[in-house]
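Let's have the full structure, built from the sequences with the hints guiding it.
There are 4 protein chains.
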Amino acid sequence: MKRTKTLNRARLLISCSDQPGIVAAVSDFLHQKGANIVQSDQYSTDPEGGMFFMRIEFDLSSFNERFSTVEKEFPAIAERFGISWRLESERKTKKMAMFVSKEDHCLLELLWRWRSGELDVEIPVVISNHEDLRDIVESYGISFHYIPVSKETKQKAESDAASLLKDYHIDFIVLARYMQILSPDFVKSFEHRIINIHHSFLPAFIGANPYKKAFERGVKLIGATAHYVTNDLDEGPIIEQEVLRVNHRYDTDDLKIAGRNVEKIALARAVEWHINDKVLVYKNKTIVFN
Amino acid sequence: MKRTKTLNRARLLISCSDQPGIVAAVSDFLHQKGANIVQSDQYSTDPEGGMFFMRIEFDLSSFNERFSTVEKEFPAIAERFGISWRLESERKTKKMAMFVSKEDHCLLELLWRWRSGELDVEIPVVISNHEDLRDIVESYGISFHYIPVSKETKQKAESDAASLLKDYHIDFIVLARYMQILSPDFVKSFEHRIINIHHSFLPAFIGANPYKKAFERGVKLIGATAHYVTNDLDEGPIIEQEVLRVNHRYDTDDLKIAGRNVEKIALARAVEWHINDKVLVYKNKTIVFN
Amino acid sequence: MKRTKTLNRARLLISCSDQPGIVAAVSDFLHQKGANIVQSDQYSTDPEGGMFFMRIEFDLSSFNERFSTVEKEFPAIAERFGISWRLESERKTKKMAMFVSKEDHCLLELLWRWRSGELDVEIPVVISNHEDLRDIVESYGISFHYIPVSKETKQKAESDAASLLKDYHIDFIVLARYMQILSPDFVKSFEHRIINIHHSFLPAFIGANPYKKAFERGVKLIGATAHYVTNDLDEGPIIEQEVLRVNHRYDTDDLKIAGRNVEKIALARAVEWHINDKVLVYKNKTIVFN
Amino acid sequence: MKRTKTLNRARLLISCSDQPGIVAAVSDFLHQKGANIVQSDQYSTDPEGGMFFMRIEFDLSSFNERFSTVEKEFPAIAERFGISWRLESERKTKKMAMFVSKEDHCLLELLWRWRSGELDVEIPVVISNHEDLRDIVESYGISFHYIPVSKETKQKAESDAASLLKDYHIDFIVLARYMQILSPDFVKSFEHRIINIHHSFLPAFIGANPYKKAFERGVKLIGATAHYVTNDLDEGPIIEQEVLRVNHRYDTDDLKIAGRNVEKIALARAVEWHINDKVLVYKNKTIVFN
Chain A
1 MKRTKTLNRA
11 RLLISCSDQP
21 GIVAAVSDFL
31 HQKGANIVQS
41 DQYSTDPEGG
51 MFFMRIEFDL
61 SSFNERFSTV
71 EKEFPAIAER
81 FGISWRLESE
91 RKTKKMAMFV
101 SKEDHCLLEL
111 LWRWRSGELD
121 VEIPVVISNH
131 EDLRDIVESY
141 GISFHYIPVS
151 KETKQKAESD
161 AASLLKDYHI
171 DFIVLARYMQ
181 ILSPDFVKSF
191 EHRIINIHHS
201 FLPAFIGANP
211 YKKAFERGVK
221 LIGATAHYVT
231 NDLDEGPIIE
241 QEVLRVNHRY
251 DTDDLKIAGR
261 NVEKIALARA
271 VEWHINDKVL
281 VYKNKTIVFN
Chain B
1 MKRTKTLNRA
11 RLLISCSDQP
21 GIVAAVSDFL
31 HQKGANIVQS
41 DQYSTDPEGG
51 MFFMRIEFDL
61 SSFNERFSTV
71 EKEFPAIAER
81 FGISWRLESE
91 RKTKKMAMFV
101 SKEDHCLLEL
111 LWRWRSGELD
121 VEIPVVISNH
131 EDLRDIVESY
141 GISFHYIPVS
151 KETKQKAESD
161 AASLLKDYHI
171 DFIVLARYMQ
181 ILSPDFVKSF
191 EHRIINIHHS
201 FLPAFIGANP
211 YKKAFERGVK
221 LIGATAHYVT
231 NDLDEGPIIE
241 QEVLRVNHRY
251 DTDDLKIAGR
261 NVEKIALARA
271 VEWHINDKVL
281 VYKNKTIVFN
Chain C
1 MKRTKTLNRA
11 RLLISCSDQP
21 GIVAAVSDFL
31 HQKGANIVQS
41 DQYSTDPEGG
51 MFFMRIEFDL
61 SSFNERFSTV
71 EKEFPAIAER
81 FGISWRLESE
91 RKTKKMAMFV
101 SKEDHCLLEL
111 LWRWRSGELD
121 VEIPVVISNH
131 EDLRDIVESY
141 GISFHYIPVS
151 KETKQKAESD
161 AASLLKDYHI
171 DFIVLARYMQ
181 ILSPDFVKSF
191 EHRIINIHHS
201 FLPAFIGANP
211 YKKAFERGVK
221 LIGATAHYVT
231 NDLDEGPIIE
241 QEVLRVNHRY
251 DTDDLKIAGR
261 NVEKIALARA
271 VEWHINDKVL
281 VYKNKTIVFN
Chain D
1 MKRTKTLNRA
11 RLLISCSDQP
21 GIVAAVSDFL
31 HQKGANIVQS
41 DQYSTDPEGG
51 MFFMRIEFDL
61 SSFNERFSTV
71 EKEFPAIAER
81 FGISWRLESE
91 RKTKKMAMFV
101 SKEDHCLLEL
111 LWRWRSGELD
121 VEIPVVISNH
131 EDLRDIVESY
141 GISFHYIPVS
151 KETKQKAESD
161 AASLLKDYHI
171 DFIVLARYMQ
181 ILSPDFVKSF
191 EHRIINIHHS
201 FLPAFIGANP
211 YKKAFERGVK
221 LIGATAHYVT
231 NDLDEGPIIE
241 QEVLRVNHRY
251 DTDDLKIAGR
261 NVEKIALARA
271 VEWHINDKVL
281 VYKNKTIVFN
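Residue numbers (full-length UniProt numbering), protein chains in the order written: chain A, 1 to 290; chain B, 1 to 290; chain C, 1 to 290; chain D, 1 to 290.
Honestly, the hints are just simulated from the structure, not real lab data. Treat the hints with care, since some could be wrong.
The list treats identical chains as one, so a pair stands whether inside a single copy or across any two.
[Stated by the list, open to error] 30 Å max Cα-Cα, derived DSS-like pairs, lysine-lysine: (1) 213 - 285; (2) 278 - 213; (3) 166 - 154; (4) 213 - 94; (5) 102 - 166; (6) 278 - 212; (7) 212 - 285; (8) 154 - 95; (9) 188 - 102.
Structure representation (structure tokens):
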């Protein structure tokens, strides 16, 4: 069962300093261009001098023509209010690359949700520093590229990956348990477009071996955190978090298994929201209009 | 800790057939009247010929004067689009009455949230068909009225209650485990303004003794449902539902205790949303903008 | 990562009328036979004249020899107390068959958990009344048997399935969204060994089209129920239930998608508990020692 | 509705190095003394050389007489296996003191659960370093003692508190948002008998101002942790944790309110389990038999 796609729907995301008249100006502009607003969400950090964020979904008849008109003429409005903005068409399916290592649970969850039509995305390529998951990936008809990474080859590996991403016209990257740290340059080139799944309820258990630490601390809930990657390790803007209940009977292996199950749930939600342009980033936090 | 109240904030709730230009017209109107929109949520059942719902929070300087202007001039817009609407000022605190019988858990949860400042509401009166909870209620400085109900006196009891509600200028009623069924006339006079807590995860276990039934059925989760009262018993629009995990060790008493804890959580959320005008009713369902 | 399997571990499940001395007799017996009890759970519906249930995990050195001694000599104890019992060895991996139709989400979840080592089970065969899922199943190296079912062929189809289950030495069956009702005879032959996933929070929305009904009722949580199959449709003993939060924006398709995600979680837990002999059935309810 | 109390029920909690024959010896002993075991839970960290924990509930007829026999004769068994143990009678209701400061949400939750019969406990005294909550406490018929604490008076304050606890024969203490750090000596005198509620999902946001930190980090879940107090601040054995979902619209005040609601839930569960002797502590972790 695939979700029906509305072929004349667009999304506009804007952020700017809060000031009177923005909503009126933007909605009036869209109305003039023939748009029918079907959903609109907004958020102000503070009506007096704070930041303003809005996400609008609208339908356009004669889509192609009117969409380019909106694209051409919105900058005038944007300039007037000092708006940062992004205009997306539902006709254009985003292209997602996945980076994986050896663990397959996040990869498979996303592949299943993609094939079942839950995730409206194209997945042209999976890149890995190990060969382990090649067969699975290729069985889905997706290209698998093995790019080993060592201290010496790291820079070369990243530039190879970057070329591939360019060749495949990739819009965003999901690190589905990819066990390598990306360089600041690489991260910068996909700012707020790399989603990572961290195997803990951040900010608890930052760093390595979170399940061992969780076992030693005797926690009663196991968590996972999906976040955008920044150059502060484990400190990027959080998109989604989830937890599962555990108890004293869980050894480190059981906690890992619980962890895998909660990781794939949190990651899948974050990816879905990113695909549907429901996430805005401001400083180190996200606004999720879901 | 009380939430700070914004004294120049208003809320506009509208519903109408979906049609292009509504958002633009409404936001332009508000802008003209000096409003700064701080939050806006909308929902369309279907952009083609469906229903449209919107909730707007906005700030007004020179509040009193401008608020009356909005109140006077919005009807022209409303008429143009066939809009049903409601305008609320945060300055005007709603007046809530509670109807109770003998159980105190929902009553106390709401009293605590009221006194702690979580619920921005006035509670001038509690009405009960039993005397049991008089002392508790009065210890909070709230009037307690005992109105016994029997088959013979039911009509008289309801008209006495109605008088009290009128005297106290009550805006809405919470049935906090009130064990009487209200007459259609009474319900009609407070349409979508009576909130009930039902002790099950509706539509499971409709009717009496839900915990006994839940025990016999061996369920693994216990639920509660807060809904607006209509004349179809247990069938009114659902505002909120919540569940708690249980297991085979729970006897009927344990299930009742779990039930009380989940009832008070679900009811408190529903009441908070109602107070903050976050709930719109359409046919037998709610749109909750939270 | 596979869970390490303890090769000298056994499980004993017993149920009988509650009476003093059972625990002492059973644990003393096991101690005499060289067992080291590593976990023990028990439950009494009522210490006075109720039912008693116990699950014991124990380790045996010289496993094979001592396990048969226990098997041979426990009946004497069992007879003394009128105990129904089951003795299981962790060395013997259960054989599970899956019945599917066209939907793959539950099938894939279980296949993934099996391949990842979460589920300690063998899956020699999948049976379906449609060809749709053949490729997926076979890609996991599992036999796929297509047995179409129509009113006329139903009896024949069931006897063909029964033969297959016998040939493959199947211990229990999972109906992973199998869209056919099994006959009383078939159900009887696998009593408390057929697990079904029902796409609602039973007992709400019994029967067909639960998501359509849930949409119409405007529920705020979507549930799923894993239960043993009996001849009362949707009325068998509940093993596990789970819910996911939804809201007014979810149309019937969205509810279905949420439903799929909650179905696979509830089913996977129920299957894991069944595999690990953690579920005892008494009348129409389960005792789950987890 | 009060839970019915079983007046001939006792609980035995034991911990020791794991070794064959413990369960048999203990259950045989109890059987000899006329006990009917109604529930039994056990846990081994590792059957080979690990630690063993067991909690047994049993009924005794001629309770008083037989209970003292068990009390007198169990030490022989305990010595044989090197068992640490605790024997509790349901007849003896535990006496709980609460320490509070200015916030009332945890205090009131426990008072309500106590009065409603959910918590089978006596609460003879509440001690506070502020006068704010005197009226509430006294309205429940409970003694309120104001013991102000400053750097200079801290030692004196603690010894005054200790005297009161002795006078009231207090069994355990709940820090219901008590904003003072107890001295090592005081903590030692109530080892594993002081329960604190920490306003975060430990180990995240250790220390002061967790809600401010949570706001700045942009978390999507707010947690609370109930734990036994040790001299490592916020590092004592965790008894229970719970979370509530939040989003970008929550400011620091909203997070505090969500936090209060999750704190009282986690604390109430921990207190209930402690009262019912369901918690065993081993090193820095808890075994909760619930």
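Structure-based check of each hint:
1. With identical chains, the CA atoms of residue 213 and residue 285 are at most 30 Å apart both within one copy (26 Å) and between copies (12 Å).
2. In this assembly of identical chains, residue 278 and residue 213 lie within 30 Å of each other by CA distance solely across copies; the values are 24 Å between and 33 Å within a copy.
3. Only within a single protomer do residue 166 and residue 154 lie at most 30 Å apart by alpha-carbon distance; the minimum there is 18 Å, versus 55 Å between protomers.
4. In this assembly of identical chains, the alpha carbons of residue 213 and residue 94 never lie at most 30 Å apart, being 37 Å within a copy and 34 Å across copies at closest.
5. In this assembly of identical chains, residue 102 and residue 166 lie within 30 Å of each other by CA distance solely inside one copy; the values are 24 Å within and 37 Å between copies.
6. Taking identical chains as interchangeable, the C-alpha atoms of residue 278 and residue 212 lie at most 30 Å apart only when they sit on different chains, with a minimum of 25 Å there against 34 Å within one chain.
7. Within a single copy, residue 212 and residue 285 get their C-alpha atoms as close as 28 Å, and across copies as close as 14 Å, so both meet the 30 Å cut-off.
8. For the identical chains of this complex, residue 154 and residue 95 are intra-copy neighbours only, at 24 Å inside a copy versus 46 Å across copies, given an alpha-carbon limit of 30 Å.
9. Taking the closest pair of Cα atoms, residue 188 and residue 102 come within 30 Å of each other only inside a single copy of the chain (26 Å); across copies the shortest separation is 44 Å, beyond that limit.
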